[in-house]
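Asker: Take any residue in the sequence shown, note its place counting from 1, add 31, and you have its number in the working numbering.
Hint data in this document are derived by calculation from the structure and do not stem from the laboratory. Cβ coordinates follow ideal geometry from the N, Cα and C atoms, glycine included. One or more hints might be untrue.
For each label pair, taking beta carbons as the anchor points, the in silico distance ranges come out as [unchecked claim]:
id	residue 1	residue 2	range
1	ALA132	VAL187	18 to 28 Å
2	GLU77	THR151	21 to 31 Å
3	ASP189	TYR62	38 to 48 Å
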Amino acid sequence: MSTVNLRRSARAIVFDEDDHVLLCRLAIPDYAGTIVVWVAPGGGVEDGETPLAALRRELHEETGLTLDVDPPQVWRQEVVAAGHAPGHDGVVNDYFLVRTASFTPRGAMTDEELAAEHVTGWRWWSLSEIRDYLGPELFSPRDLATPLAALIADGVPDQPVPLGL
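Construct the entire structure; sequences and hints are all you get.
Answerer: Here you go:
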């Protein structure tokens with residue numbers, strides 16, 4: 032029996048006062064070129080680190096955002112797929128809800144460090160912009176508009192909502 036090696040990550044659904052969500056643009060080299068994916072800020076949980084500790088560290092490094100309270104977990108995404116995360120059999124992403132005033136992301140990482148992690152930009156998106164987007168770039172999860180709409184309409188769920196690819 033083989034063990035599945037999943038990359039653990041903690042990510043933040045960062046909403047501003049107008050329910051715009053902050054997304055990070057990743058340009059990931061691929062055998063067919065480059066795949067561009069808009070993702071919630073966050074990243075890998077290191078050995079011995081809790082998801083919330085990883086979230087705090089990643090948000091500070093990437094965006095400069097500092098959390099004063101522990102945010103609630105709202106979603107959990109598990110994707111088991113070869114090639115989805117280099118060196119792993121897939122990912123487990125725990126998503127936490129963070130509400131803040133709109134700001135210009137500028138974290139502790141240098142531009143070179145961000146580039147090494149394939150980060151090429153930041154953008155605040157409205158739900159309608161995500162829902163209506165027809166361009167070649169992807170969102171993670173692919174149907175990001177659906178869980179975002181539910182989160183805006185219904186607030187924090189009783190249990191983390193499971194997400195697909």
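Asker: CB of ASP189 to CB of TYR62, is that within 38 to 48 Å?
Answerer: With Cβ atoms ~42 Å apart, the hint holds.
Asker: If I claimed the Cβ atoms of GLU77 and THR151 lie 21 to 31 Å apart, would that claim hold in this structure?
Answerer: holds (24 Å)
Asker: Could one say that the CB atoms of ALA132 and VAL187 fall in the range 18 to 28 Å?
Answerer: holds (19 Å)
Of the hints listed earlier, there is not a single one the structure fails to meet.
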